[in-house]
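Sequences and hints are given; from them, build the entire structure.
Protein chains: 2
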Amino acid sequence: MTQLLAARAGRITPEMVRAAADEGIKPKELADKIACGVAVLPFNKKLDDTYRAVAIGEKLKTKVNANIGTSRDRADLEMEVCKARVAEEAGADSVMDLSTGGDLDVIRDKIFKAIRLPLGTVPIYEAASAADDDGRDFHKITPDDIFEIIGRHAEEGVSFITVHCGVTRDSVKRLKNEGRVLGIVSRGGALLADWMVHNDAENPLYEQFDRLVEICLEHDVTLSLGDGLRPGCLADATDRGQVSELVLLGELTDRAREAGAQVMIEGPGHIPLDEVAENVRIQKNLCGGAPFYVLGPLVTDVAPGYDHITAAIGGAIAAAAGADFLCYVTPAEHLCLPILEDVRLGVMGARIAAHAGDIVKGVPGAAEYDREMAEARAELDWRRQIDLAIDPDEAEKRRSGDIPTVSSETCTMCSNLCAIKVSKEALRRS
Amino acid sequence: MTQLLAARAGRITPEMVRAAADEGIKPKELADKIACGVAVLPFNKKLDDTYRAVAIGEKLKTKVNANIGTSRDRADLEMEVCKARVAEEAGADSVMDLSTGGDLDVIRDKIFKAIRLPLGTVPIYEAASAADDDGRDFHKITPDDIFEIIGRHAEEGVSFITVHCGVTRDSVKRLKNEGRVLGIVSRGGALLADWMVHNDAENPLYEQFDRLVEICLEHDVTLSLGDGLRPGCLADATDRGQVSELVLLGELTDRAREAGAQVMIEGPGHIPLDEVAENVRIQKNLCGGAPFYVLGPLVTDVAPGYDHITAAIGGAIAAAAGADFLCYVTPAEHLCLPILEDVRLGVMGARIAAHAGDIVKGVPGAAEYDREMAEARAELDWRRQIDLAIDPDEAEKRRSGDIPTVSSETCTMCSNLCAIKVSKEALRRS
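Line by line, the protein sequences give chains A and B.
If you want the working numbering, it's the position in the first sequence, counting the first as 1, plus 207.
If you want the working numbering, it's the position in the second sequence, counting the first as 1, plus 207.
Calculated from the structure, these hints are not laboratory results.
Treat the hints with care, since some could be wrong.
Copies of the same chain are indistinguishable here, so a pair counts whether it falls within one copy or spans any two.
What the hints assert, rightly or not - Here are the simulated DSSO-like cross-link-like pairs (lysine-lysine), alpha carbons at most 30 Å apart as the crow flies:
1. K317 <-> K252
2. K253 <-> K320
3. K383 <-> K235
4. K383 <-> K631
As structure tokens, this is what we get:
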């Protein structure tokens, strides 16, 4: 039974109990959300209770995913395992292994052992990687090859898989007819489009969607319906290709849910700031309120080296508008494979965005957290300010590295001219 | 004659010509905005044409200010001059010297010589600093002391001054009556409130506002009417103290404009994400469309160490909603005086926010810039991507430090599985 089928049958699973506790809500409340599909709980049946049970969806804390993984150019397995650990320590709620270089089974196995977060994958990457290993073109692989890999990931314990089921002959044609500056920027989407063109065939993940759902039901793998046609630049945002795909994903959501599989929807990508909220609303409308998992979004194309900031801007607005799950973007995006520090910065940027959104969403405890920090500041209580910081280590490092001497209860920026200190006395006497 | 009086008289000054060229608009168009006060051009009469002429206001590029300056705890003059240079190199449009430690005249003089940006100050800081140097309490200084300092800054060439004229007995009382978690967090606001309480007197910058305007008219110093009662935490945002002060600032804007002085308005601070746009709109309504100069805003209180990101989120939303001028916030905010790298990161965060806003505002060239980057990506033209990056040095450093070997036209993240490369071929054939 999947978490969805359990919830629909009125059963509260141990994972629901744990995930609800993390949210500060009642398990029944979470179960109701899962039952109607506005929340998911990606937790492969193979996992034991040492793994975190993370719920994603309506009015729950906005969650953060960190992508890690080797590439065909950089296949340092140990480094990627370190990145998974850094992501977990920095507060990511899940990790996706996007490896395409080296022994992918070994990498996944090591990540499963290294961290206690639900793991996601993009099985089509393994198909592309295997083909490249054998010196074959990707489009020579068969639908059965793809489903074999999906089945294997499910059996190994992967909790959610990105599958680009909405990249179809129809949606790609619409994209092409309208014209785009930057074509298809989703790796999975591009690979599938390539496969379809060369084989003059429909996307097997769309055509054999029921087969996909069967695998998900067996292992309780959550479908993360990928946005293979997401815009890769502001000029391509919210175009017909993107929206056509989203319509298809909405229809597939209904089918998967009906069968009892958990579903979330992936979203952009690059979007102008004033289109971010509308992208969230149209996804909720078209996909029956399914959880929305956005990549960024990036609100400008011009800031390589700082895309964790660009993504934090879009992610915060998206979260405030109802996006449920933020895929981090690191400062290395558009330039190279991230290093460890990039992973940490990417997670922090996404966590800040998620929390800024949670305050607006009215997630229990979110505004209270900020109020606690404000009270610690009002009291010039530095120990408490550091403990409450979203990254206490970073705050501690700066504070302890630059202790004021003139007035130890303030900081080296304002010293004894600290506004809080001065105004407290003035307001008391006024 | 101030830029405002010149514009009102139908004169186009050399500074208007230069600033308009930077905007890609006609000088007459800029002059019209300045004439009616929806734009300002802070440029002290003493400056020569080696200094940048920067216009700030309606539908102009959103500008970025960097605060630097010594404190009572850290008075390393050379370091602050370095910070001013770093800010200019990183692309700041102006610098404010907020020094409170060391010989302040010498510091200002060195900054004037070191950079070619309009300089802003907060004269009340010098009054507080001088009093502290003499072992006196701030509230022992006289209104004449304050005006003497303001006059000196104006004579030296300061182009805009923050003056907290709206911190009055009335607005402070309203703030106190409603109650606040974090009191007054503006240093200037707190000092003035303290002075008013101890002397049982009205704010001299409010009472003698015409005297202030006279100085501004003589030297063409732009008034930056400070938000001394800005919220210092989300819980205090958009409260009666803040809005009462803004009403007063709107009234003072009318008076200054009528006399011919240029005016902009300072804004928060800490605001929940969904109150950012409304803060911009109410400022525009209450202050006759005067340029709005915001500090951040920070959309959460809990991220010390990352407040350049928190500020970029709020700044981008504010800019998109019509804010004209973003004061950067560095990662050191709330913890200590920033170091050089903090200054650089602060400027970059604010520039990204400004640009993301400009795309939405429809500032000429903004969306086109992103499109150019997208085209460079479509062509896998790395030289052009780096040259177009908001920080070419940072992009170059990452790219040249991690060159792919498998497929040199892609990057080490996707290697030969590059979506752009794969999809270009697929879409061509489809």
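- Message: Output the indices of the hints that this structure fails to meet, ascending.
- Response: Failing hint: just 3.
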